[in-house]
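K.L.:
Throw the hints in and build the complete structure from the sequences for me.
There are 2 protein chains.
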Amino acid sequence: MKISSVITDTQKKTARYAKALGHPVRMYVMDLLSKQSCCYSGDLTEELPIAKSTLSQHLKELKEAGLIQGEIESPKIKYCINKENWAEAQQLFKSFFNL
Amino acid sequence: MKISSVITDTQKKTARYAKALGHPVRMYVMDLLSKQSCCYSGDLTEELPIAKSTLSQHLKELKEAGLIQGEIESPKIKYCINKENWAEAQQLFKSFFNL
DNA sequence: ATATTTGTTCGTAATTTAACGAACAACAAT
DNA sequence: ATTGTTGTTCGTTAAATTACGAACAAATAT
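Going line by line, the protein sequences match chains E and Z. Mapping to the working numbering: the first sequence position 3 is 3, numbers consecutive. Mapping to the working numbering: the second sequence position 99 is 198, numbers consecutive.
Since the hints were derived computationally from the structure, they do not count as laboratory data. Nothing here was measured: the structure is a model prediction, and the numbers come from that model. Some hints could be false.
[What the hints assert, rightly or not] Label pairs and their in silico Cβ distance ranges:
no.	chain 1	residue 1	chain 2	residue 2	range
1	Z	152	E	72	20 to 28 Å
2	E	87	Z	163	54 to 62 Å
3	Z	183	E	5	31 to 39 Å
4	Z	168	E	40	38 to 46 Å
5	Z	141	E	78	50 to 58 Å
6	Z	152	E	34	35 to 43 Å
7	Z	140	E	95	44 to 52 Å
8	E	41	Z	172	49 to 57 Å
9	Z	107	E	6	32 to 40 Å
10	Z	197	E	40	21 to 29 Å
11	Z	198	E	6	23 to 31 Å
12	Z	182	E	76	41 to 49 Å
Glycine included, each C-beta is placed from N, C-alpha and C at the ideal position.
P.N.:
If you want it as structure tokens, here you go:
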């Protein structure tokens, strides 16, 4: 798969962010974080009707996509938006959608 | 407690569009269509280093997500952006990213 | 009538995603 | 030292995704 020749890095980056946002739970989390920038994983577990292990997986994906980062506040973990990458995603989608 | 009770329709819709855009090939196609609104499937086959059957699958997904629609211009098929849904997606991401 | 062009569908295979409960690790509180 | 809280990791399962070539269908061109 030599997509690299035709598809630009920008398109690949945008697709990567889109993929991370392509699930209702992850969209919910990012929607929340875009408004308050931080939240506790425990709060999400209470709100969302999914197993904590499932939530953990979704948070991991958002982390790997670079959209969030976790800060340890024992015994809790505070999840915050990754401002730098969030700004990048913002810019990418802004351009993509001609906003 | 179902997902439907916590996660809004807006979030689900946005996630659905995001998912459709979450692949480099589909991002490439939509990026093109956002600029010229229509294109021939055959042109894409030439440009992209993937089998035509694979491309067909990706186009089908974009169609099912409501982002594009095909018009028969025998023997070719002209793919066009679905303006109504594209506008919706634009709006959804605009709100989501606070643009 | 036959061949060509165009794109979808079929059959298949490998990989990824999504979900759960159980087990585990880290740390606080008792 | 033991208990409780919090969240990750493990093991498993089912379903979806991605990809390909071959076969097919529809329409045009020869």
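K.L.:
Give a verdict on every hint.
P.N.:
Each hint, compared with the structure:
{"no.": "1", "hint": "Z:152 / E:72: 20 to 28 Å", "in the structure": "48 Å, violated"}
{"no.": "2", "hint": "E:87 / Z:163: 54 to 62 Å", "in the structure": "32 Å, violated"}
{"no.": "3", "hint": "Z:183 / E:5: 31 to 39 Å", "in the structure": "34 Å, holds"}
{"no.": "4", "hint": "Z:168 / E:40: 38 to 46 Å", "in the structure": "43 Å, holds"}
{"no.": "5", "hint": "Z:141 / E:78: 50 to 58 Å", "in the structure": "52 Å, holds"}
{"no.": "6", "hint": "Z:152 / E:34: 35 to 43 Å", "in the structure": "38 Å, holds"}
{"no.": "7", "hint": "Z:140 / E:95: 44 to 52 Å", "in the structure": "25 Å, violated"}
{"no.": "8", "hint": "E:41 / Z:172: 49 to 57 Å", "in the structure": "52 Å, holds"}
{"no.": "9", "hint": "Z:107 / E:6: 32 to 40 Å", "in the structure": "37 Å, holds"}
{"no.": "10", "hint": "Z:197 / E:40: 21 to 29 Å", "in the structure": "22 Å, holds"}
{"no.": "11", "hint": "Z:198 / E:6: 23 to 31 Å", "in the structure": "28 Å, holds"}
{"no.": "12", "hint": "Z:182 / E:76: 41 to 49 Å", "in the structure": "46 Å, holds"}
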